[in-house]
Amino acid sequence: METKQTLMEPLLESAEAYGRTSMDVIKLKVVDKSAAVTTSMVTYSLFTIIVSLVVFTLNIAIALWLGELMGKTYYGFLVIAACYALAGVILLLIQPFIKSRVSNAVIRQLLN
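Here the sequence shown stands for residues -18 to 93, where the numbers follow my numbering.
The calculated label-pair distances, taken between Cβ atoms and stated as ranges, are:
1) K53 with M22: 38 to 46 Å
2) M22 with T(-13): 48 to 56 Å
3) V35 with Y55: 18 to 26 Å
4) L91 with F28: 16 to 24 Å
Derived from the structure by calculation, the hints contain no laboratory data.
For glycine and all other residues, C-beta sits at the position ideal for the given N, C-alpha and C.
Input sequences plus hints: build the corresponding full structure.
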């Protein structure tokens, strides 16, 4: 009986060590994937903010220029607002496509 116990003891210790090591590897993989996704999201967010500021400034310049061409400043802003309304309707129509693309990109990033 005692020999069976002494034979099983190292085996159980090895299995326990293997389980701990496996959990540590899983934790490290999760941390790595989380860091990669977070870094990507921060990078894309900063890029989006910079592009938005540039587009905003260009829109004001275009609106002022169009207003000057049309005779009244607010006409230019109305034209720009109409363009944004049209873009909003188009985005609303293609929202499912965009949503699936973004979801797939995040999932792909997590699984690679």
